[in-house]
Amino acid sequence: MKILVAIKQVPERDAQIHIASTGRLAGRWIDEDDLAYSINEPDAYALEEALQLKERLQQGEVIVLCAGPERVLSTLREALAKGADRAIHVAVEADDLAARDTLGVATLLADAIRAESPDLILTGLQSEDLGLGQTGVVLAELLSIPHVTIILQVEKTGTGLRVKRELEDGWFQHVDLPLPALLTIQSGGNKLRYATLMGIKKAKTKETKTVSAAPAAAPSIALDRVYLPEKQKKTQMLTGTSAEVAAQLVEKLKFEVRVI
Amino acid sequence: MTTVPSQEKSYGDLQGETVLVFLEQRAGSWNRMSFEALAAGQQLAATLGTTCSAAVLGTGPSLSTLAVELAAKQLERVYAVDHALLEPYTADGYVHALQQLIEHAAPAFVLLPHTYQVRDFAPALATRLRQVLISDVIAIHVGVGEGSGPVFVRQLLQGKLNADYRPTSDSGPAFISIQAGSYRADAVLSGAAGTTTIIEPFSPQLTPSQLRSQPGEPFRQSAQTVDLSAAPVIVSVGRGIGEQENIPLVEELAKALGAELAASRPICDNGWLPMERQVGSSGQTVSPKLYLAVGISGAIQHLVGMKGSKSVIAINKDENAPIFEVADYGVVGDMFEIVPELTKAILAAKS
Ligand SMILES: Cc1cc2nc3c(=O)[nH]c(=O)nc-3n(C[C@H](O)[C@H](O)[C@H](O)COP(=O)(O)OP(=O)(O)OC[C@H]3O[C@@H](n4cnc5c(N)ncnc54)[C@H](O)[C@@H]3O)c2cc1C
Ligand SMILES: Nc1ncnc2c1ncn2[C@@H]1O[C@H](COP(=O)(O)O)[C@@H](O)[C@H]1O
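Keeping their order, the protein sequence lines are chains A and B. Our numbering puts the first sequence at residues 1 to 260. Our numbering puts the second sequence at residues 1 to 351.
Treat each hint with caution, since some may be false.
What the hints assert, rightly or not - Sample of chain A residues at the chain B side, in silico, Cβ under 10 Å:
no., residue
1, V137
2, A140
3, T149
4, I150
5, E166
6, K209
7, S212
8, K231
9, V257
No lab work stands behind these hints, which were simulated from the structure alone. Even glycine gets a Cβ: it sits at the ideal position worked out from N, Cα and C.
So that you can see chain B by itself, here it is in the shape it has in the complex (with noise of 0.2 Å):
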């Protein structure tokens, strides 16, 4: 991604070039990330002396009441974008909707929460504006360096480096998606006493022929016979393991600490523990008193399962593993020396 200098966009050409935040809901529920990017999406515009609009699909009277929701907060308008092929998603019905909104919304930056869905579709919605998504963002500068316009931040090799991206094109709006954590729902500004958001029904074109896959009710696979939330110690292990015949290793430790023993997902896709000891963004989300991390890197698909624990210790071989940014407590070194050894003083202890 080469630098351009004659596209680049200078600060004061952004100004009055509006925001729009995509909030996904699914089934009159919205998706808790969507208030992340709407609170990315409020403080780009502020940054940017810019208005901040959302946008919801769906239909019919939860669509409403979502969009009714949305307009208490501080926000220029709120599409509603109505129709009754939106439900259920399709990425085919999302990119068309989303296509004419944009055209006539004419955003200059268009934020998403980095979703599975959103994932689904807004590749192809930017491919179809003949633009690129910067995906998975964990932070926006402005006005950083002469004249430019917004940087993005994006991790390379799962978290241990940093980039910062910067939109070249002048033929459409920006995408960007936001990653899981980066901003806080919270932080989401309601709109101030004695204003009122704009709600404006929008109706696109569709057709059932332009939706060309047909999708399921959603299901669970099994029973969950562990419910790893309600534990208050955790133990969980990492590829660092090496292989299966090691497993025992940190059964042992979590039997000494009177833990439940977890695991992030390659353990489980390689079949070592079963799949529902996998704590992430596709297992199960964790709180415990203790989260103690053997030999897992952090992706951010695992951390935003246990980010919530009341304290993190980590072991792992590589001082700059992601793991230690969400650690209280730290080990660097081998995890086959150290944890035998903490095995032992925690029986010790014990007796």
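Same shape as in the complex, but just chain A (with noise of 0.2 Å):
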């Protein structure tokens, strides 16, 4: 089974961000200089998926897919020493990315994803930054595939695939679906694994394709300015030091929670 992943590279969580102030995306998207990139999480855990898939059937290709300017190439070849086994780079500017919507990202990927016409197509079910969770789906109707969002595990059957898809609450089920297909995969279904320092060296010899974007049609949505929300809560900050806070804390759970 040839499988696809798309990866994106996002800030890494702990970032502190600032809202770029220069250049053409001025007060529309954040400064992207000294930030640190990782992988989106849900990538991650299909990424996970896709190889534990391969693992188990014993045969098959795990290719990974980003489009992003040159720095995504880290997480590509991060991706590449966990296992992956070939990359596709899809090369485009982070402000010409950042000035396409969700139908120009994935129209960029599915131009990348029809060369290679793979069994199946894992995506994370959304990403860090734009938190749009939908990239995966309209890619899936891009291609004209069936999709299944927020899953969990995927199981070769004889026809096709079952999938233990989340449900809100704590619920689940199953959903049988024929190939190809895409799955939007969320987080926790496996456990992740690092990279070796033998894949790390097997990486390097493994191809990472470069491919240039189509330039960008005219969007259906703008995004017109980013900004800091606005506080609402009045929320009592406590400060001096550890014990200061502590001793501030019992006070008010002792007379105003009521809880000791």
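Build the complex: two chains, separate frames, hints provided.
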């Protein structure tokens, strides 16, 4: 089975964010200089699912795909080190990518995928920076293949796949679907592996193909501005040394919240 | 997403263009977020000086019952979209049916609740109509800036930033999904006495071969042995704990307070605490007297599970963490310094 995993590189969760003040996206995106990046967390689980599926089937290929500027090569390399067989990099400058809407980004990915015709495409269910939760589903629609979202487990059956889909409030369901198909993967279905030294060495010999991005079409939605959310709630902030804060908290617990 | 002024809709153009709200049901019961989306739709329609209609999909008598219930709300029309293949839910069934309904009803705005089901079909529906869904919207502003249409606010970077989005396409309706808790379900207006909402049955064309996936019955993983929903005091831990070895730190705090220990999703994903202690949209919903959140950022999927708490205390090293938005008392600082002091102080106060 040929499995393609779309992985996105996003700012690290603890990164200090500043709104861009210069450039094409001033006031409309964040300052990307000096930011540290890593793989989008659900995408790491998507890669893990793909690698385990290939190992279980004892055959097939795992291809990782990422659209972004040169810096995303580090995320692709890490995926190769974890065991992906090859990588495709859709080269697109950060401000060009940010100027495309969901349909625009999914079109970029679809263009790169068509030449591969994979049996299975995995994406993360949601990116940590844009948080659209859509790119996978839009991609499936563009490729005219069925999709199921928020998936925790994938099993090959005689006719296609059986997947375990998360529902709200602790419920799940199984869904059967034919191949080719696209699944959006939720975090937590597997334990993530680390790249081994051996894997890192091997990754250097693996192929990374760079493809260029078609120019952006006119978007259907526009991002006008980004800004810090306004605080709506009056939170009482307690300050001082740890001991002082602890003493104040105990006061609150005793006399306001009344739990001790 | 660049600005395309030539395609901008002006406020005046929008008058008379209608709002359609999709309400989600399963097995004859509403998803409670549906009415939050309905409140948003009614409010948007009122500000635009236009009408609001609603659509519900399903089949048979249970659909009729839901449609009648909806018709009591202040709505122009209720579309009861009826087909045997719409039960159970499939993305393909819903996309086909709603595409036909939208072509028939020609709304300018389609609002949906940002549920798991909507995440599953709405991006494909919008794509089929060559539109882009603006997902997980927390607020709608109308008439800000000269001659501009509504602006839809959504969060970026897990709530660290807000962003204003605007539809720029004239070729079809704008699709908007509404984040849980952004609008109040009890703000939905009922129809005025003497007015009637038309219930319009709508039968989409659907064939079994169009449904490519086969859903199974919903199930629960295992019998739940921990019922956090009844706990009066909860200490909840997030990724700020760093590693599994540090969990005893919060266990001791919970013990000192006589509290149940709960966690954010990544803690349970990593297996550091069992799944049944997870709070949030894919875990348990809790409403204790006290929810003490330690090292939790406050992502919306976590907040929906604990917003009903009587009081919330948050300890987080990042002063901009969204968890402080829902906290009564906040401490900005390192949990590894504060938590042991707090445990000590509680034990001392109790003895
Ligand atoms: C469909 C879907 C369903 C989901 N369901 C759920 C759900 O049910 N429940 C849930 O919780 N999440 C859920 N999530 C995940 C959610 O989006 C967040 O990723 C998750 O809640 C983040 O957990 P966290 O706050 O522990 O981690 P992070 O977001 O990584 O936050 C860690 C926090 O710890 C703070 N911190 C770090 N070190 C320290 C220190 N030394 N002292 C003090 N503070 C520190 C940081 O400042 C940060 O704010 C879901 C996501 C999706 C897409
Ligand atoms: N630039 C990109 N390159 C590769 N994959 C992407 C890119 N953007 C989004 N994706 C995929 O789409 C998923 C959902 O992203 P989003 O719709 O932004 O929430 C991510 O988890 C990735 O798997």
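The hints, checked one at a time:
1. Below 10 Å, beta-carbon pairs count as interface contacts, and V137 of chain A has one with chain B at about 4 Å; its hint therefore holds.
2. This hint holds: A140 of chain A has a C-beta 7 Å from the nearest C-beta of chain B, less than the 10 Å allowed.
3. Against a cut-off of 10 Å between C-beta atoms, the interface hint on T149 of chain A holds, since the closest Cβ of chain B lies about 5 Å away.
4. The beta carbon of I150 of chain A is positioned within 10 Å of a beta carbon in chain B (closest approach about 6 Å), and the interface hint is therefore held.
5. Interface restraint check for E166 of chain A: the shortest CB-CB distance to chain B comes to about 6 Å, inside 10 Å, so the restraint holds.
6. Because the beta carbon of K209 of chain A sits about 27 Å from the nearest beta carbon in chain B, more than 10 Å, this interface hint is broken.
7. Using the Cβ-Cβ criterion of 10 Å, the hint placing S212 of chain A at the interface with chain B is not satisfied: the shortest such distance is roughly 20 Å.
8. Of the supplied interface hints, the one on K231 of chain A holds, with its beta-carbon coming within about 7 Å of a beta-carbon of chain B, less than 10 Å.
9. Using the Cβ-Cβ criterion of 10 Å, the hint placing V257 of chain A at the interface with chain B is satisfied: the shortest such distance is roughly 5 Å.
Hints 6, 7 from the list above are not met by this structure, while the remaining hints are.
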